[in-house]
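Chemist: Residues per chain, in single letters:
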Amino acid sequence: MTFPTIFDWLERFDFLRGYPAALAVLMSAVVVLLAWEWRVALFALAAQYLFVTLLYVDVLDPRLTVVKALVGWFVCLMLAITAGQVSWGRLPEDVLPDEVAQVAAERKWRLGPLAVPAALPLRLAAVLILLLVVIALTQQPDSGLLLLGEMDSSFRLAVYGLMGLGLLGLAVSDEPFLAGLGLLLFLSGFELFYSVLEQSVLMLAVLAAVNLLVALMIAYLVQKRYAIPALLD
Amino acid sequence: MSSGIFLLTVAPLLAAFVAWLLGRWARLTAVWGITFSLLLWYFLGRVLLAVDGREVVAVLGPEVVFTAGVQALFQFLWLVLALLFLFTFIFPTGSTFVAGCLLVMAPLALALMIRPYLFAPIFLLLALGLTAVVIQDGQAGPTKAATRMLATAVVGIPFFLLAGWLLSAQAASLAGATSRIILLGSLILLAGFPFHVWATSVIRHAPPPVWVFVFGIVQLAVTAFVFQFLAASNSVDDQAISWLRLSSGVTFLVAVLLMATAVQVHRLIAGALLVDMGLLLLTVTLPLDVGWETAVILLVARLFTLLLLALALLLLKKQEVSQLFSFENIPPTIGNDQGVACRLPFTMALLGVGIVSLLGVPLTIGFGSHWLALQMIFAADLAGVENTSGWLAVMFLLAVFSGLVAFIRLTIYYLTPSEKSAGTTEREHVWLRIGVGMGLLLATWLAVQPQIWLGFASDLARSFLSSG
Numbered sequence: 001m002t003f004p005t006i007f008d009w010l011e012r013f014d015f016l017r018g019y020p021a022a023l024a025v026l027m028s029a030v031v032v033l034l035a036w037e038w039r040v041a042l043f044a045l046a047a048q049y050l051f052v053t054l055l056y057v058d059v060l061d062p063r064l065t066v067v068k069a070l071v072g073w074f075v076c077l078m079l080a081i082t083a084g085q086v087s088w089g090r091l092p093e094d095v096l097p098d099e100v101a102q103v104a105a106e107r108k109w110r111l112g113p114l115a116v117p118a119a120l121p122l123r124l125a126a127v128l129i130l131l132l133v134v135i136a137l138t139q140q141p142d143s144g145l146l147l148l149g150e151m152d153s154s155f156r157l158a159v160y161g162l163m164g165l166g167l168l169g170l171a172v173s174d175e176p177f178l179a180g181l182g183l184l185l186f187l188s189g190f191e192l193f194y195s196v197l198e199q200s201v202l203m204l205a206v207l208a209a210v211n212l213l214v215a216l217m218i219a220y221l222v223q224k225r226y227a228i229p230a231l232l233d
Numbered sequence: 234m235s236s237g238i239f240l241l242t243v244a245p246l247l248a249a250f251v252a253w254l255l256g257r258w259a260r261l262t263a264v265w266g267i268t269f270s271l272l273l274w275y276f277l278g279r280v281l282l283a284v285d286g287r288e289v290v291a292v293l294g295p296e297v298v299f300t301a302g303v304q305a306l307f308q309f310l311w312l313v314l315a316l317l318f319l320f321t322f323i324f325p326t327g328s329t330f331v332a333g334c335l336l337v338m339a340p341l342a343l344a345l346m347i348r349p350y351l352f353a354p355i356f357l358l359l360a361l362g363l364t365a366v367v368i369q370d371g372q373a374g375p376t377k378a379a380t381r382m383l384a385t386a387v388v389g390i391p392f393f394l395l396a397g398w399l400l401s402a403q404a405a406s407l408a409g410a411t412s413r414i415i416l417l418g419s420l421i422l423l424a425g426f427p428f429h430v431w432a433t434s435v436i437r438h439a440p441p442p443v444w445v446f447v448f449g450i451v452q453l454a455v456t457a458f459v460f461q462f463l464a465a466s467n468s469v470d471d472q473a474i475s476w477l478r479l480s481s482g483v484t485f486l487v488a489v490l491l492m493a494t495a496v497q498v499h500r501l502i503a504g505a506l507l508v509d510m511g512l513l514l515l516t517v518t519l520p521l522d523v524g525w526e527t528a529v530i531l532l533v534a535r536l537f538t539l540l541l542l543a544l545a546l547l548l549l550k551k552q553e554v555s556q557l558f559s560f561e562n563i564p565p566t567i568g569n570d571q572g573v574a575c576r577l578p579f580t581m582a583l584l585g586v587g588i589v590s591l592l593g594v595p596l597t598i599g600f601g602s603h604w605l606a607l608q609m610i611f612a613a614d615l616a617g618v619e620n621t622s623g624w625l626a627v628m629f630l631l632a633v634f635s636g637l638v639a640f641i642r643l644t645i646y647y648l649t650p651s652e653k654s655a656g657t658t659e660r661e662h663v664w665l666r667i668g669v670g671m672g673l674l675l676a677t678w679l680a681v682q683p684q685i686w687l688g689f690a691s692d693l694a695r696s697f698l699s700s701g
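Protein sequences appear in the order of chains W and Z. Using this note's numbering, read the first sequence as starting at 1 and increasing by one per residue. Using this note's numbering, read the second sequence as starting at 234 and increasing by one per residue.
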């Protein structure tokens, strides 16, 4: 029995290349932005990295695109470990709610078994408006980014969508974990665009290092944000 | 490896590691930081360059180029860093401050030395990301400021990555686009509206030594980076210049609103800093040589002013007036602060001089730099580059006036004796009064004799840009 090669895997996922991959990237990015449960957001980010890899195949050597996917999943792993260490943004088990009474809890609405953040409708509206803008931009190939007009519309959709949703994620959240996910979405979109311009291995390695470093910074800030002294501050 | 490149890239990393190991002992770490900074300043000055004025080392393809301009700039920065570490010796800060500052200096130097420009933004991003760690300073409070700083850096750097690629591709037909991209990136990195939010967060949440490092030392290096890219692009995009000028004007307006509603001194300082940052952004729209020289002058004046402010606030904190000047997320209790200027006149005078200098009021250090910047902006308009200097000057003056009103309002409050706070704080020690008095005299002397530091700043600017 032989282990499937990169090319075998790409052949299996061939049906997803092009528009399906771009739409999947957008959908996963939307989930990252709207999910209030960190696990769900991280899983969506990991899925986003998978689908964006399928778009990279059109501009980079397939063996190099795997590096992009691996880096992305490594980033998700780092953030997952960090999130686990800070109890996924919840109070640690041994800290009682009375002890942190001065910390204002996020307002939530009950929808059956789910407790939905009160800010969710506003976020959803912002995401929908942004998606409309992105779709409108995609229809105009000569608007905006350098050389992107020459690329396939699915590619443009993914680039604009990721960068736009990433910026929106930064704008709507000050909390380092969720803002950090927005940052990673923005970086992912920019890298996808930049891969059209620059395909050298050195730059690929450098951008991979940048991703890991940004993830490290986010992890550090999350650790500090959810340290007990901050909770009791 | 050449000695200059080693001193600027490898040595700070080793020093940062030692500082991290010593992190438990704040004063020892500060002594290490001071010693290393002074040694680096000294040895950097003794580096002899080749006949062509540069040292070049190739690393995996790209080259690291050490020039006389980089040498002069970083000598100055390391000297200022030594002074800043002296503050941390007297007033210990968080455990990661010294190590973090040392660590940031290495990628900052690389960002200015590496060629081709394609790779320089990566190192600047690394430096700014590590600056977020410095802002955090190992404390729980300033996370919001650090997150915003990191976000701004990650959003701004791609513009320079793109510009670096365009410069490397040497596409003459895209010269205009390159200039536009660089100018838009500079709008983000230099905290023009609407990317100014992280700056006000840093003032609100981070301790004063962090302000000096972020808005003085790091900003000078970032500004040098921006002007280097502009020099390499060798083109001007009028549309982007208009956007930058608009952003500066709105930044002044934001400063007006901030200071008009200031009931805490942090808000007033944040507003005054925004005024200065708005002016700095305008220097990017000027012709290259003039703009860079003006920017350096503004930043040197800002550095000195921030050092004054940091000293004043740290002195106040040491004299246990921390309820007033709370650096953590503890809301200050205004009731205990009334009349503090009667009990601590010299310290509050130092704070006052710092604030008005940041605003650029006449007879302060800041006035010389602000006046020069306005003159250059008007001169550029007369030369036909733009015709917006009129309304920009109005917005600037409005911001300064708003700051002055806020300053006077706070001064009256702090000068009004209060029965509640009487006797709650000891009076200033006589040596402190002598020291602060001498500092105030020095500040006044530099303000009335601006040619002393203006000449130094101009020489620094010229040597950096001319050496390439």
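For the record, the hints were derived by calculation from the structure and aren't laboratory data. Possibly wrong hints are sitting among the right ones.
Stated by the list, open to error - Non-contacting residues of chain W with respect to chain Z, defined by C-beta distances greater than 10 Å in every case (computed):
hint, residue
1, GLU37
2, ARG63
3, TRP73
4, LEU167
5, GLU175
6, PRO176
7, VAL206
8, ALA209
Claimed, not checked - Label pairs and their in silico Cβ distance ranges:
hint, chain 1, residue 1, chain 2, residue 2, range
9, Z, TRP678, W, LEU77, 41 to 49 Å
10, W, LYS108, Z, LEU674, 56 to 64 Å
11, Z, ARG257, W, LYS108, 52 to 60 Å
12, Z, LEU319, W, GLN199, 47 to 55 Å
13, Z, VAL681, W, GLN199, 53 to 61 Å
14, W, ASP8, Z, ASP471, 35 to 43 Å
15, W, PHE74, Z, PHE689, 55 to 63 Å
16, Z, GLY286, W, LEU216, 49 to 57 Å
17, Z, PHE239, W, ALA171, 38 to 46 Å
18, Z, MET671, W, LEU77, 51 to 59 Å
19, Z, VAL496, W, ASP152, 27 to 35 Å
20, W, LEU128, Z, SER401, 14 to 22 Å
21, W, ARG63, Z, ILE323, 42 to 50 Å
Each residue gets a CB set at the ideal place from its N, CA and C atoms; glycine is no exception.
Chemist: Now tell me, hint by hint, if it's right for this structure.
Modeler: Now for the hints, and whether the structure bears them out:
With a least CB separation of 20 Å from chain Z, GLU37/W remains clear of the 10 Å interface cut-off, as annotated. In this structure ARG63/W is separated from chain Z by more than 10 Å, as the shortest Cβ-Cβ distance comes to about 20 Å. A cut-off of 10 Å between C-beta atoms confirms that TRP73/W is not in contact with chain Z; the least separation is 20 Å. Distance to chain Z contradicts LEU167/W as a non-interface residue, since its nearest Cβ pair spans about 7 Å, not more than 10 Å.
A beta-carbon of chain Z is positioned within 10 Å of the beta-carbon of GLU175/W; the least distance is around 8 Å. Annotated as non-interface, PRO176/W brings its C-beta within 10 Å of a C-beta of chain Z; the closest such distance is 5 Å. Annotated as non-interface, VAL206/W brings its C-beta within 10 Å of a C-beta of chain Z; the closest such distance is 5 Å. With a cut of 10 Å on Cβ distances, ALA209/W falls inside the contact zone with chain Z, its closest approach being about 8 Å.
The hint said 41 to 49 Å for the Cβ distance between TRP678/Z and LEU77/W, and at roughly 58 Å that hint is violated. Here the CB-CB span from LYS108/W to LEU674/Z is close to 59 Å, well matched to the stated 56 to 64 Å. For the hinted restraint 52 to 60 Å between ARG257/Z and LYS108/W, the CB-CB distance of approximately 42 Å leaves it violated. In this structure the supplied range 47 to 55 Å holds for LEU319/Z paired with GLN199/W, their Cβ-Cβ distance being about 49 Å.
A C-beta distance of roughly 59 Å is found between VAL681/Z and GLN199/W, which places it inside the suggested range of 53 to 61 Å. Restraint check, ASP8/W to ASP471/Z: a C-beta distance of roughly 54 Å breaks the suggested window 35 to 43 Å. Our hint of 55 to 63 Å for PHE74/W and PHE689/Z is violated, since their Cβ atoms are close to 48 Å apart. In this structure the hint that GLY286/Z and LEU216/W lie 49 to 57 Å apart at CB is violated, the actual value being about 38 Å.
For the pair PHE239/Z and ALA171/W, the beta carbons lie near 42 Å from each other, so the given range of 38 to 46 Å is met. Against the hinted window of 51 to 59 Å, the Cβ-Cβ separation of MET671/Z and LEU77/W comes to about 56 Å, which satisfies the hint. The hint said 27 to 35 Å for the Cβ distance between VAL496/Z and ASP152/W, and at roughly 55 Å that hint is violated. Against the hinted window of 14 to 22 Å, the Cβ-Cβ separation of LEU128/W and SER401/Z comes to about 39 Å, which falls outside the hint.
A beta carbon spacing of about 56 Å between ARG63/W and ILE323/Z contradicts the range 42 to 50 Å that was offered as a hint.
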